[in-house]
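Asker: Sequence:
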Amino acid sequence: MNKMSLTAFRRFFLGAAIVLCVSVLIQYAAAADTDNDGLDDLDEQQLAETYAPKLFFERDEELFPVAIDYHLSNANLNRSEDNTSVLITATPTASSLGAYADGTYYLDNRKGTVEDRGIVENYKTYVQTHDPVVYAHVFPGANGTVVQYWFFYAFNTGTLNTHEGDWEMIQVILDGTDDPVEAMYSQHLRGQRASWDKVERSGTHPYVYVARGSHANYFRYYQGLLGFANDRVGKNGDTLELGDYTLVMLGERGTGNHASAQNWVDFGGKWGDYGDADDEVR
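So the sequence shown is numbered by the working numbering: it starts at 1182 and just counts up by one.
One thing to keep in mind: the hints can contain errors.
Claimed, not checked - Keeping only pairs whose Cα atoms sit at most 30 Å apart, straight-line, the calculated DSBU-like set for lysine-lysine is:
1. K1416 <-> K1379
2. K1451 <-> K1235
3. K1379 <-> K1305
As the list claims (entries may be wrong) - If you anchor each label on the Cβ, the simulated ranges turn out as follows:
4. A1375 <-> L1268: 14 to 24 Å
5. L1428 <-> D1359: 28 to 38 Å
6. G1322 <-> Q1373: 10 to 20 Å
7. S1254 <-> Q1373: 26 to 36 Å
8. V1308 <-> A1375: 24 to 34 Å
9. D1214 <-> G1418: 15 to 25 Å
Source of the hints: derived by calculation from the structure; they are not laboratory data.
The C-beta atom is built at its ideal place from N, Cα and C for all residues, glycine as well.
Generate coordinates for the entire structure from the input sequences, incorporating the hints supplied.
Answerer: See the structure below:
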């Protein structure tokens, strides 16, 4: 090797080494676990997008998953004391809500009651300029990883009960090699599970059939009428899939495990005012 080629080789080797070091540093810098659950944030994001569900709504559904900011901007934070409602603040925020950790607190939407359609009509105006939102929560499970999707609805108009502030969810269970093994869907106070091979899906995206009004989640569009709730479920209404809704990643509960804007995950009260004592029991 002559002197010129040797010099060129050294320059090439040095350049390659610099590129490799920069690449390693970038990868190292990108790796982060801001919610302190042992999983890299980028891996959580990728898993959440991989299994993001496709939601099928009944054709007469009026309410769809919405950001909790909508609810908070219209709600009073109250406390129930000896069957009396005490106003805590008329301006609860996502960052302040986590300070109220016990179950005596509840949010009461000022736009209406369970007897009228004030909340529903206000919501319809809001969604004209705001996209649906789905919250994703990815964390280590007993034998693998759990990928959850949480849906917040401004109102529940189901046949079983009627109330404000309706949380629903589904989750996909992954094994130790991140392969999906089963899914679980919330249905009223319980839920249903199915092995992954029994889940209707498009690629890795599970299908979720959402009951009109109650927002219970089913694996098949005909299942709702089979249960006590007499849910109306269909596949001829609106559909939402990733890209139609904004996917928001959630951190873990506890100080330092999420951004301050997600302090609401530590809220211990109810997310709405129930219609009556019977509804609250149910």
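Asker: Which hint numbers doesn't this structure obey?
Answerer: 3, 4, 5, 9
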